[in-house]
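**Student:** Can you build the whole structure from these sequences, using the hints too?
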Amino acid sequence: MDVFFAYLLMASATPLFLWKENMKLAIFQIPVIVAMWVMFFLYISNDYTMAGHLMFGAIFALNVILAHATMFYVFALPFFKQLKSKRRII
1479 MDVFFAYLLM
1489 ASATPLFLWK
1499 ENMKLAIFQI
1509 PVIVAMWVMF
1519 FLYISNDYTM
1529 AGHLMFGAIF
1539 ALNVILAHAT
1549 MFYVFALPFF
1559 KQLKSKRRII
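No gaps in the numbering here: position 60 of the sequence shown is 1538 in this note's numbering, and each next residue is one more.
Each hint should be verified, as a subset may be incorrect.
Claimed, not checked - With a Cα cut of at most 30 Å, we get these calculated DSSO-like pairs of lysine-lysine: (1) K1559 with K1502; (2) K1498 with K1559; (3) K1498 with K1562; (4) K1562 with K1502; (5) K1564 with K1498; (6) K1564 with K1502.
If you are wondering where the hints come from, they were derived from the structure by calculation, not from laboratory data.
**Tutor:** Now the structure itself:
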């Protein structure tokens, strides 16, 4: 759970870093981050059922997928576009 809490803190700061580069992606990640905080507080209060554990895992996996897609969109796509625009003369 400590690793999840550390990831939750880092994920909560992600929209702040993305705000200048891509506001739509930052806004899109906010509901998932809020859902992760809600699930974390439910976990602390011991109100989890089997469905709660499944939702916790699903929301965490969704956030990891969104984070990787965002990083690809923000960093990798501009890099590939830059490589494509440069024409190498052999």
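**Student:** With reference to the structure, classify each hint as holding or not holding.
**Tutor:** Hint check results:
| no. | hint | result |
| --- | --- | --- |
| 1 | K1559 with K1502 | holds, 20 Å |
| 2 | K1498 with K1559 | holds, 20 Å |
| 3 | K1498 with K1562 | holds, 25 Å |
| 4 | K1562 with K1502 | holds, 25 Å |
| 5 | K1564 with K1498 | holds, 26 Å |
| 6 | K1564 with K1502 | holds, 28 Å |
Hint violations for this structure: none, all hints satisfied.
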